[in-house]
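Novice: Protein sequence lines, in the order shown, are assigned to chains Z and E.
Quick note on the working numbering: the first sequence kicks off at 1 and runs consecutively.
Quick note on the working numbering: the second sequence kicks off at 1 and runs consecutively.
A couple of the hints might just be wrong.
As the list claims (entries may be wrong) - Some but not every residue of chain Z turned toward chain E, in silico, with C-beta under 7 Å: (1) Gly5; (2) Lys9; (3) Ala12; (4) Arg17; (5) Ser19; (6) Ala81; (7) Lys82; (8) Thr88; (9) Asn97; (10) Ser101; (11) Ile104; (12) Thr108.
What the hints assert, rightly or not - With a straight-line Cα cutoff of 16 Å, these simulated EDC-like cross-link-like pairs (lysine to aspartate or glutamate) come out: (13) Z:Lys10 <-> E:Asp202; (14) E:Lys306 <-> E:Glu231; (15) Z:Lys10 <-> E:Glu246; (16) Z:Lys18 <-> E:Asp250; (17) Z:Lys9 <-> E:Asp198; (18) Z:Lys10 <-> E:Glu140; (19) Z:Lys82 <-> E:Asp277; (20) Z:Lys118 <-> E:Glu140; (21) Z:Lys6 <-> E:Asp203; (22) Z:Lys6 <-> E:Asp202; (23) E:Lys10 <-> E:Asp172; (24) Z:Lys10 <-> E:Asp277; (25) E:Lys23 <-> E:Asp272; (26) Z:Lys9 <-> E:Glu246; (27) E:Lys23 <-> E:Glu9; (28) Z:Lys9 <-> E:Asp203; (29) E:Lys126 <-> E:Asp68; (30) Z:Lys6 <-> E:Asp198; (31) Z:Lys9 <-> E:Asp179; (32) Z:Lys9 <-> E:Asp250; (33) Z:Lys10 <-> E:Asp203.
As the list claims (entries may be wrong) - Non-contacting residues of chain E with respect to chain Z, defined by C-beta distances greater than 12 Å in every case (computed): (34) Arg7; (35) Ser37; (36) Gly65; (37) Phe69; (38) Ser72; (39) Ser73; (40) Gly102.
The set of hints was computed from the structure by calculation and includes no laboratory data.
Cβ coordinates follow ideal geometry from the N, Cα and C atoms, glycine included.
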Amino acid sequence: MNTDGKTYKKFAQARARKSPVLKNCAAAFASGGAICAAGHGLRTLFSSVGFSDADAGMLTSSTLILIAVLLTGIGVFDTVAKHTGAGTLVPITGFANAVASSAIDSRTEGLVPGVGAKIFTVAGPVLVWGISAGAVYGVIYYFVTALR
Amino acid sequence: MTRLPIRIEKGVYIASSASAAGKNEKEGPLGSAFDASSDDDRFGQDTWERAESEMQRLALDAALGKADFDPSSLDAVFAGDLLNQCVASNYGLLSFGIPFFGLYGACSTAAEGLILASLFCGAGAKRCAAVTSSHFCSAERQFRFPLEYGGQRTPTAQWTVTAAGAFILTDDRDDVRIDASVRAIPRIAAVMPGIAVDRGIDDLSNMGAAMAPAAADTLTRYFSAGADPGEFDLIVTGDLGREGSEILRDLIASTGRDITRNHVDCGMMIYDCDGTDRHAGGSGCGCSAAVMASNILPNVRAGVLKRVLFVGTGALMSPLTVNQKGTIPGIAHLCDITGEVTREAK
Chain Z
1 MNTDGKTYKK FAQARARKSP VLKNCAAAFA SGGAICAAGH GLRTLFSSVG
51 FSDADAGMLT SSTLILIAVL LTGIGVFDTV AKHTGAGTLV PITGFANAVA
101 SSAIDSRTEG LVPGVGAKIF TVAGPVLVWG ISAGAVYGVI YYFVTALR
Chain E
1 MTRLPIRIEK GVYIASSASA AGKNEKEGPL GSAFDASSDD DRFGQDTWER
51 AESEMQRLAL DAALGKADFD PSSLDAVFAG DLLNQCVASN YGLLSFGIPF
101 FGLYGACSTA AEGLILASLF CGAGAKRCAA VTSSHFCSAE RQFRFPLEYG
151 GQRTPTAQWT VTAAGAFILT DDRDDVRIDA SVRAIPRIAA VMPGIAVDRG
201 IDDLSNMGAA MAPAAADTLT RYFSAGADPG EFDLIVTGDL GREGSEILRD
251 LIASTGRDIT RNHVDCGMMI YDCDGTDRHA GGSGCGCSAA VMASNILPNV
301 RAGVLKRVLF VGTGALMSPL TVNQKGTIPG IAHLCDITGE VTREAK
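So here's chain E without its partners, still in its complex pose (with noise of 0.2 Å):
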């Protein structure tokens, strides 16, 4: 049986996005779109797993203020993060008193909350969030070394981003706030929930590789549904790294289809990649979150990209499952994301 996108019918919108960000993300190429950012990465906190709570407080918080919301306003809230038992999400968002569901779809849960939190609204609630984040020195701390270790990374492994995005979606395009730079309210039309792709990769530092089989998977289904990929201005991933990226455009070609000209990756575009320490890319769930929350989704606002689609992609292992010489499956999750003209932008 071939699985059909989740059309949805009902407008959803998103009425704000908002992003916290660490030091590194603030000095690269996006830095200055971040809404919150901390110096010394620890956001006031003690601990690094309290830091990212914050900064999806933080994020939640710019978002709400954005869209004039109240928390209370609020059906419920999607989050997560990468760490055990969702600590950075149930800490984090706590104080709003929300409806909270907790979710884990590493790198890809960004999309996997969108997602929810668009069905949810098409199916009856007025006004939900996602939030997600990654923080590098919690996740450093829980999938690989201590973080004073002296050791090499090898050139195909990503960097943890350290962020935090967050996006409050509302079934009511009235409900949505619009100033006079805003000529567009990004829609979600339809979502492609991600099929869980192994396709025998067992490097931890080879991430991109893992998860680009799961992406071309998703996307070769979305089109095959009846979308061309030229529809649209972009097509978004996070976060398959550099070669992650070359690997899943080899794999759409392959299919006849060409999606060289309108794919980035969100790894790739958060960190100036080149003669820095970052390997291969950005990753984490804060990565995709906040880029999508503070470049793609305001250049939908602002008209610039009238059609984007987005890819959450997600390395679905733990170091445990890796030392039991486990392989590691990739998913990715889809939503089309389309700019509806607003009438003073008419």
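So that you can see chain Z by itself, here it is in the shape it has in the complex (with noise of 0.2 Å):
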């Protein structure tokens, strides 16, 4: 009983029952997969009624953000999202699902110190990190094709 912390720590994680790594595996992939064919579908239904490849592209990610708010705010994204995993996470649709659930959670504070305060409170790492990662790649990008 008198094992130092490291000991505990580690007779402790032999304890724990481990997350199925595979079966989680499969399923985001077959998941995820399927969101990013629908994704391509729904492309291919843009640029064939007349939009052009950017447009086409926009408007797909917008539908699947679309489709992601509305399934987190009747409920259904969360109940789906803990069996599909990174499946659902990794694409648009987790982006939207953590805006989403993060304004829907703090409406009860108000608008402003509520929602508007809380609304990245999930998602704004990524987006901090996302955006950042951006300039640091645009400085880059424009010293390297200076130089050429």
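Take the two lone chains, each set in its own frame, and fit them into one complex as the hints suggest.
Specialist: And the structure:
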């Protein structure tokens, strides 16, 4: 019983049930793949009715966001996502859910101190570091192209 | 210096107990025992925090009704919950007008409240109450993610219980209302306050492992002071969950004692843990409060259980300290509860 912290931590970790990694990966692969296939279908659909490639891509993202937000709003998204995991988290649907769920959750504190302040609690890090990485890449790209 | 248990020589009795619980808990194995429930977990309120407050109000109201005590006759109420600034308790018990002490002991708060209320009664107060609650939705918002966020939990994660429990204590045995079904009156004979124990666990999803060493510490100190694990019909921990319970039994076994035959955990009792989303069981200070109030204590009153050790276990952390690379200390408070057989049942 008088084990040190490290020994105890190892002992406790050894007792912990492990997440079913293979099953989770398979579910994520299938569901994430299905979402991307559906996205591709949407893109083809938008292109076929006359939208340019850039517009069709943007419309596809917007449609997926709309669906994810609607499913979050009616309480379906989290029920599905606990099975699909990274499959629903990694595509743009996960980002949409992170923003929408935060907004719904903080609605009781009002539109400014609630929704306004809390809407990016979960998605915020992705924005901050995603945009920052984009800016850094932009600077590098500028100099690399200038040197050519 | 060895810290000894505090024995309450003057009789302090649990006159009544009651609970309120949410939908999942109502559908669980103890569902029929809860005094109040809500099909949508909102208890008629428009925010989750108010819903939790309302559960506390309902639980205390029901307990007062069972004891046939007027709120004005209570000298003090010791109450706690998981929310910042103890808001569920503050607002929930406002309408009773009882002198109020707000507590925070994470999931150990039910035992902490019982200890303080019993010592208050033992020190001259006549009647006191202990109330605690937790609500899945308010706790999830504060400690984890938004409710509708689509994430996966690890198998060791515990599920915050939506429930509240209230206990009414009195220093006068004749004050306790007795009906035909009551064979014994639960008496708090001794208490053992917990010492915070930090064994380096830093995983928010494995709090059973953080709390188990604290439970082992308190129990070992209690047993070393002269009690044998076999003397108790039940040793009730709340809430170590599945992993934490296994670790506790192992830690106690390493001291040469055996609690495998009579140890139960409130977190494992409140849900049907196999094949549900509850993973390693329930947690939250409403869990042990509701299980004690609506299952264990009624069994003491009915004479089914004669002596029970209640060990409330809490993980004393916040998401902030965990993000700051802090580890999670656990704490465990103990109450030794004996059923004193009523004159009618003798």
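Novice: All hints are to be evaluated individually against the structure, with a verdict given for each.
Specialist: Verification of the supplied hints:
Against a cut-off of 7 Å between C-beta atoms, the interface hint on Gly5 (chain Z) holds, since the closest Cβ of chain E lies about 3 Å away. Interface hint status for Lys9 (chain Z): upheld, as the beta-carbon distance to the closest one in chain E is roughly 5 Å, under 7 Å. Checking Ala12 (chain Z) against chain E by beta carbon gives a least distance of about 4 Å; that is within 7 Å, so the hint holds. Annotation: interface hint on Arg17 (chain Z) holds; nearest CB of chain E at approximately 4 Å, less than 7 Å.
Because the closest C-beta pair between Ser19 (chain Z) and chain E is about 5 Å apart, less than 7 Å, the hint holds. With 7 Å as the threshold, the beta carbon of Ala81 (chain Z) comes within range of chain E, its nearest partner Cβ sitting at about 3 Å, so the hint holds. Taking 7 Å as the C-beta cut-off, the interface hint given for Lys82 (chain Z) holds, the closest approach to chain E being about 6 Å. Of the supplied interface hints, the one on Thr88 (chain Z) holds, with its beta-carbon coming within about 6 Å of a beta-carbon of chain E, less than 7 Å.
With its C-beta approaching chain E no nearer than about 5 Å, Asn97 (chain Z) sits inside the 7 Å limit, and its interface hint holds. Among the interface hints, the one on Ser101 (chain Z) holds; its C-beta lies about 4 Å from the nearest C-beta in chain E, closer than the 7 Å criterion. The interface hint given for Ile104 (chain Z) holds, since its Cβ lies 6 Å from the closest Cβ of chain E, which is under the 7 Å cut-off. Contact between Thr108 (chain Z) and chain E, as hinted, is supported at the beta carbon level, the nearest pair being about 4 Å apart and thus within 7 Å.
Taken as a hint, the Lys10 (chain Z) and Asp202 (chain E) pair is honoured in the structure, with Cα atoms around 12 Å apart against an allowance of 16 Å. Simply put, Lys306 (chain E) and Glu231 (chain E) have alpha-carbon atoms about 10 Å apart, close enough for the 16 Å limit, and the pair holds. About 15 Å separates the Cα atoms of Lys10 (chain Z) and Glu246 (chain E), which keeps this hinted pair within 16 Å; it holds. Restraint check: the Cα-Cα separation between Lys18 (chain Z) and Asp250 (chain E) comes to about 20 Å, which exceeds 16 Å; the hinted pair is violated.
Between the alpha carbons of Lys9 (chain Z) and Asp198 (chain E) the distance comes to roughly 11 Å, so the proposed pair stays at or under 16 Å and holds. For the proposed pair Lys10 (chain Z) and Glu140 (chain E), the alpha carbon gap of about 28 Å is over 16 Å, so the pair is violated. Under the criterion of a C-alpha separation no larger than 16 Å, the hint pairing Lys82 (chain Z) with Asp277 (chain E) is consistent with the structure, at around 9 Å. Taking the CA atoms of Lys118 (chain Z) and Glu140 (chain E), the gap is near 15 Å; set against the 16 Å cutoff, the hint holds.
For a cut-off of 16 Å, the pair hint linking Lys6 (chain Z) to Asp203 (chain E) stands: about 14 Å separates their Cα positions. Between Lys6 (chain Z) and Asp202 (chain E) the alpha-carbon distance is near 11 Å, which keeps this suggested pair within the 16 Å criterion. The straight-line distance between the Cα atoms of Lys10 (chain E) and Asp172 (chain E) is roughly 9 Å, inside the 16 Å bound, and the hint therefore holds. Under the criterion of a C-alpha separation no larger than 16 Å, the hint pairing Lys10 (chain Z) with Asp277 (chain E) is inconsistent with the structure, at around 26 Å.
Taking the CA atoms of Lys23 (chain E) and Asp272 (chain E), the gap is near 13 Å; set against the 16 Å cutoff, the hint holds. Taking the CA atoms of Lys9 (chain Z) and Glu246 (chain E), the gap is about 14 Å. The hint holds against a cut of 16 Å. A distance of roughly 41 Å separates the Cα atoms of Lys23 (chain E) and Glu9 (chain E); the hinted pair therefore is violated under the 16 Å criterion. Taking the CA atoms of Lys9 (chain Z) and Asp203 (chain E), the gap is near 10 Å; set against the 16 Å cutoff, the hint holds.
For the hint linking Lys126 (chain E) to Asp68 (chain E), the alpha-carbon distance of about 15 Å falls within 16 Å, and the restraint holds. Annotation: proposed proximity of Lys6 (chain Z) to Asp198 (chain E) holds, straight-line Cα distance about 12 Å (limit 16 Å). The suggested pairing of Lys9 (chain Z) with Asp179 (chain E) is violated, with an alpha-carbon distance near 50 Å, which exceeds 16 Å. A threshold of 16 Å between alpha carbons decides the hint, and for Lys9 (chain Z) with Asp250 (chain E) the separation of about 14 Å falls inside it, so the pair holds.
A C-alpha spacing of about 12 Å is found between Lys10 (chain Z) and Asp203 (chain E), which places the hinted pair at or below 16 Å, so the restraint holds. Residue placement check: Arg7 (chain E) keeps its beta carbon more than 12 Å from all beta carbons of chain Z (closest about 26 Å). Every Cβ of chain Z is farther than 12 Å from the Cβ of Ser37 (chain E); the closest lies at roughly 20 Å, confirming the non-interface assignment. In this structure Gly65 (chain E) is separated from chain Z by more than 12 Å, as the shortest Cβ-Cβ distance comes to about 31 Å.
Even its closest Cβ contact with chain Z, about 34 Å, leaves Phe69 (chain E) beyond 12 Å, as expected for a residue assigned away from the interface. Ser72 (chain E), annotated as away from the interface, keeps every beta carbon of chain Z farther than 12 Å; the closest lies near 33 Å. Taking the minimum C-beta to C-beta distance to chain Z, about 36 Å, the non-interface status of Ser73 (chain E) holds against the 12 Å cut. For Gly102 (chain E), the condition that its CB be more than 12 Å from all CB atoms of chain Z holds, with the nearest at approximately 22 Å.
Hints 16, 18, 24, 27, 31, counting from the list given before, are not met by this structure.
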